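Those protein sequences? They're chains A and B, same order as listed. Here the first sequence is numbered in our numbering, starting from 38 and rising by one per residue. Here the second sequence is numbered in our numbering, starting from 44 and rising by one per residue.
Just so you know, these hints were derived from the structure itself, not from any lab. For clarity, every value in this text was computed on a predicted model and none was experimentally measured. Please note: incorrect hints may appear among the correct ones.
[Claimed, not checked] Just so you have them, the derived chain B footprint on chain A, three or more residues with Cβ under 8 Å: (1) 119 to 131; (2) 136 to 143; (3) 411 to 425.
[To be verified] Partner residues aside, some chain B positions facing chain A, computed with beta carbon under 10 Å: (4) 51; (5) 55; (6) 56; (7) 80; (8) 81; (9) 115; (10) 117.
[Said to hold, decoys possible] Computed Cβ-Cβ distance ranges for the label pairs, DEER-style: (11) A:305 <-> B:53: 54 to 64 Å; (12) A:170 <-> B:104: 24 to 34 Å; (13) B:50 <-> A:92: 42 to 52 Å; (14) A:151 <-> B:77: 51 to 61 Å; (15) A:232 <-> B:47: 49 to 59 Å; (16) B:78 <-> A:97: 44 to 54 Å; (17) B:64 <-> A:270: 37 to 47 Å; (18) A:305 <-> B:107: 47 to 57 Å; (19) B:50 <-> A:136: 16 to 26 Å; (20) B:108 <-> A:220: 22 to 32 Å.
We put the beta carbon where it would ideally sit given N, CA and C, even for glycine.
One letter stands for each residue in the lines below.
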Amino acid sequence: MPRATTKPTARKPKPAAGAKRASRRSAARVVVLVATRKGAWLFHGDAARRTWRADGPHFLGHIINHVVLDPRDGRTLLAAAKTGHLGPTVFRSTDLGRNWTEAARPPAFARAPEGQKGRTVDHTFWLTPCHANEPNAWYAGTSPQGLFRSDDGGVTWSPFSIINDDSQYRTWMGAQQDGTPDGPKLHSILVDPRDPKHLYFAMSSGGVHESRDGGRTFAPLIQGLEVVDGFERANITFHDPHCVRLCPSNPDRLYQQNHCGIYRLDRPSNEWVRVGKSMPKQIGDIGFPMVLHPRDDDTAWVFPMDGGTVWPRTSLEGKPAAYITRNGGKSWQRLDAGLPKREAWWTVKRQAMTADARDPVGLYFGTTSGELWMSRDEGRRWDLIARHLPEIYAVEAAQIE
Amino acid sequence: MKVLIPTPLQSYTNAREVEATGTTLAELLADLDRLHPGLRFRVIDEQNNMRAHMRFFVNGEQVFDITHPLRPTDSVFLVQALSGG
Chain A
38 MPRATTKPTA
48 RKPKPAAGAK
58 RASRRSAARV
68 VVLVATRKGA
78 WLFHGDAARR
88 TWRADGPHFL
98 GHIINHVVLD
108 PRDGRTLLAA
118 AKTGHLGPTV
128 FRSTDLGRNW
138 TEAARPPAFA
148 RAPEGQKGRT
158 VDHTFWLTPC
168 HANEPNAWYA
178 GTSPQGLFRS
188 DDGGVTWSPF
198 SIINDDSQYR
208 TWMGAQQDGT
218 PDGPKLHSIL
228 VDPRDPKHLY
238 FAMSSGGVHE
248 SRDGGRTFAP
258 LIQGLEVVDG
268 FERANITFHD
278 PHCVRLCPSN
288 PDRLYQQNHC
298 GIYRLDRPSN
308 EWVRVGKSMP
318 KQIGDIGFPM
328 VLHPRDDDTA
338 WVFPMDGGTV
348 WPRTSLEGKP
358 AAYITRNGGK
368 SWQRLDAGLP
378 KREAWWTVKR
388 QAMTADARDP
398 VGLYFGTTSG
408 ELWMSRDEGR
418 RWDLIARHLP
428 EIYAVEAAQI
438 E
Chain B
44 MKVLIPTPLQ
54 SYTNAREVEA
64 TGTTLAELLA
74 DLDRLHPGLR
84 FRVIDEQNNM
94 RAHMRFFVNG
104 EQVFDITHPL
114 RPTDSVFLVQ
124 ALSGG
């Protein structure tokens, strides 16, 4: 049984340098939503984010790829679930996880015409609430790559846009062996807060794509992105964006952690700039998560991993660290205070690192070895929230009143 | 007819054994889903194929096609395959 640690840190966090600060006192508390290979946990923080109460396991034995709280009502949770034997589904709670009901119609591809081989959803991988002006509407990304939408709070889901069955997109999605070891995925579904029709999504593999017409059409957005040496950049299939994020404080700026580096995009430009080149050479700019500051578009965090030889996907030399930029990627600083100094061969998956909206910003990440860490001062110091959890797939931080 | 339900699906039926009707396995599964909403999609995918780790037995014999005919006296077992980790 995992435990929540309750070890207050006597030291008051110092103000984080460079943060655009406004004094905020709020009754809101942070709940950390942890999705694992064997179930989901909710960790409720106190007002100071110093002690955490574990609520779980929910769906013990289910493979949970994502748990997301609807920020539009502050109480509806969706959880993307399957088991090793049973097919995929989505569970929904309207009381912060006290009770769950299953989707009446989970994401599923259209039935193939007679004589043709159709695709089947292996699992729902990513959940994104639609625009603030579209209450109860959600997007879902699946493995293999599919895009779905629900307009009734996650009860029924339908294929969204043409991409699931479009021959060009199907080509760009590649085959099973073009995806991640856990299956090819559609992820990083982003909604422009100024315009519900302006959408992005990413595919591993299959590149980054943008729609300006509410998903009626999508177009690739890959200019400037590199691919593995020896392959053709123009081939969308070879593009592997690990995690793409849109700045909450500036929807014209995006960052992404790609298979081939860390990038920034400032619209209206279509050209990604590899800001990971300014990472220390011995660390490199390979990893999976990408985390952005809620109020400062120059501040972002990554968690570098070993992408050498056979791609171990572990902390470099067994010394885990996050890196922060406070100038849009011009320079990066190591953040490892409180983390193990050696022999910690962690993997942090693309959905398993996130930030809250507090001031200073709280950061959270989970490891595939089942440890949940947080920093209440933007990464200056890390503390363990829980250990002995199952393999952590996703971590989200939400605010509840 | 009697249908034996494996433990992973008993959250839908609240019982190890239930009654359902159908002249084919497909009809039986449709009836099971009517009585226990959501159950069918956990064992049959959107292309009407049995999911990879589910097994279906009729009178002790494994069947591989959901068009398999059934009689009212048949017994049907839904079984979770011996795989996991």
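Against the earlier hints, flag every one the structure doesn't satisfy and list their numbers going up. Per hint list: 3, 6, 9, 10, 12, 13, 14, 16 and 17 violated.
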